[in-house]
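Student: Listed below, chain by chain, are the residues.
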Amino acid sequence: MRCLIVEDVEFEREMMGIFLSDYADSDSADNGEVAVEMFSRALAEGRPYQLVCLDIQMPKMNGQEALKRMRQAEADRGVSTHKAVIIMTTAMNAREDMEEAIWRGDCTDYLVKPIILADLVALMRRYTLIS
Amino acid sequence: MPIDKTYFRLLTDNAMVGVYIIDKEQLFQYVNPALASMLGYRPEELVGTVSFLSVIHPDEIPLLVSNYQQRLSGEIPHSHYQSRALHKSGRVVTVEIYATSINFNDQRSLAGTVIDITARSTAEELLLQQQKALELLNSSLEQRIDDALAASREKDRIVMQQSRFAALGEMAAGIAHQWRQPLNMLGLSVQMLQLTQAKGALTNEFMDRHCEKSLEILKYMSQTIDDFRNFFSPESEPHYYGLDEAVERVVTFFTCSVDTIAITTDIRIRSTIRGHVNELSQVILTLLNNARDALLERQVAAPAITVSVTGDDTMNLIRVSDNAGGIPAQIIDLVFDPFFSTKDASRGTGLGLYMVKSLVEKSMKGTVTVRNSGAGAEFSIMLPLH
Chain L
5 MRCLIVEDVE FEREMMGIFL SDYADSDSAD NGEVAVEMFS RALAEGRPYQ LVCLDIQMPK
65 MNGQEALKRM RQAEADRGVS THKAVIIMTT AMNAREDMEE AIWRGDCTDY LVKPIILADL
125 VALMRRYTLI S
Chain C
391 MPIDKTYFRL LTDNAMVGVY IIDKEQLFQY VNPALASMLG YRPEELVGTV SFLSVIHPDE
451 IPLLVSNYQQ RLSGEIPHSH YQSRALHKSG RVVTVEIYAT SINFNDQRSL AGTVIDITAR
511 STAEELLLQQ QKALELLNSS LEQRIDDALA ASREKDRIVM QQSRFAALGE MAAGIAHQWR
571 QPLNMLGLSV QMLQLTQAKG ALTNEFMDRH CEKSLEILKY MSQTIDDFRN FFSPESEPHY
631 YGLDEAVERV VTFFTCSVDT IAITTDIRIR STIRGHVNEL SQVILTLLNN ARDALLERQV
691 AAPAITVSVT GDDTMNLIRV SDNAGGIPAQ IIDLVFDPFF STKDASRGTG LGLYMVKSLV
751 EKSMKGTVTV RNSGAGAEFS IMLPLH
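Protein chains in written order, with the numbering used here: chain L, 5 to 135; chain C, 391 to 776.
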């Protein structure tokens, strides 16, 4: 499994990377712009990310905009059945926003910070990324 | 000089006041036309056959009988009093009586004069009523003023309380915001320590690094509380402070919580003013928060806020402007009103700008105005130089 961690705080990025290295080959990006670029390139190269952990509040391009562009990149490539599991991570309590994003089908799920790693594992299991 | 009785008869028969003579049997011996007419009779209907008590209001009879007896016995020579008579029609006639005892046909009798004071008494009654009504009105006026004052004080109290709650809410929201990130870092750190230890991969270096990081985060979180407390705690005494430094401090503080908005400060003058620095902080923070909310809500492409400090010999001018598109013309005059808000109830109390206006005008003796300046709203705070 390939996974992309998008997080502007270095320490968090690093911890998530160490944690997820047990389950996947993980890459990371510190803002939305870089993340979209990496995501699109991976798609083009035929080795897409199956999991994206996407922070919402980030400089340059925020998580919501990055999410939109990632889904657009998938649509452009005709990906419809094996879309990436994109889990938004947020320090905001914007539950309504998140639920609306899930309902629209943009993001797969979300985690509110502080993140409990067991919850992340449960989500990976739910979306059959791990068994 | 003796005067002919007929003169007296002529005088009493034509007198404008009522005149009577009552004998010891309580019968009228003489009633002049004025008195008879006052009571609705002809004199001959009353004289010789009618007891005077029959033309007296029943409630007055005990007093009149007592008066009658005292005068007849000579106990009191004369008396002057007010009473109520009964008209033939049953109507009450208020009268004033001057009565004295005389010898009439060698018998001790009572004579007196009577004036109809019904009109006067009614007028007096009316006056009394009006006086009472006036007193009532006066006292109720005081009551109404008291009520209005109490209502006004209550409103002020509620506004102050709500603004305190709003400040408290802002503080809690600010701390929550400032804490989420470090809490996440701490959480991840603790979980990673546990997971690494479980895998048997926990090294001294890993442990040291996580402890150091955790303490650094804890210090930062503690500092956040102090910052917020200093920000919202009231100061009792006014003191001198640097306006430019205070503005910069708020902007720095605010910038920590927003990373997607470009915030520019343009300080043209260095000025010292006297007052409560926290009040100025609260005013500017409210304007910054409002600008941020507008920018986020309207999803402005390149959101920006500019804070400038300028001035001249007479005043300092602080301007907070954004590029969120401005305030609709139909509500721009209402934005400083208490409880006016365009945000939904969970996010706006409608007190932010009202408090801004109150603090600027009442405490800082300045003025605050708003206008749309092309790209967005521009708030100007004019503070007179001390």
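Because the hints were derived from the structure by calculation, they are not lab data. All C-beta atoms in this analysis are idealised placements derived from N, C-alpha and C, irrespective of residue type, glycine included. Any given hint could turn out to be false.
[What the hints assert, rightly or not] Which residues of chain L face chain C? A partial, calculated answer using Cβ under 8 Å:
#1 Val13
#2 Phe15
#3 Glu16
#4 Phe23
#5 Gln61
#6 Ala95
#7 Lys117
#8 Pro118
Student: Decide, hint by hint, whether the structure agrees.
Tutor: Hints and how they fare:
Proximity of Val13 of chain L to chain C holds as hinted, the smallest CB-CB distance being about 6 Å (cut-off 8 Å). Against a cut-off of 8 Å between C-beta atoms, the interface hint on Phe15 of chain L holds, since the closest Cβ of chain C lies about 5 Å away. For Glu16 of chain L, the interface hint holds, since its Cβ comes within 8 Å of a Cβ in chain C; the closest pair sits about 6 Å apart. Interface restraint check: Phe23 of chain L against chain C, minimum CB-CB distance 6 Å, threshold 8 Å, status holds.
Hint on Gln61 of chain L holds. Least Cβ distance to chain C is approximately 7 Å, under the 8 Å limit. Checking Ala95 of chain L against chain C: minimum C-beta separation of about 3 Å stays under 8 Å; hint holds. A distance limit of 8 Å between C-beta atoms decides the matter here; for Lys117 of chain L the minimum to chain C is near 4 Å, and the interface restraint holds. Because the beta carbon of Pro118 of chain L sits about 4 Å from the nearest beta carbon in chain C, less than 8 Å, this interface hint is met.
No hint from the list above goes unmet by this structure.
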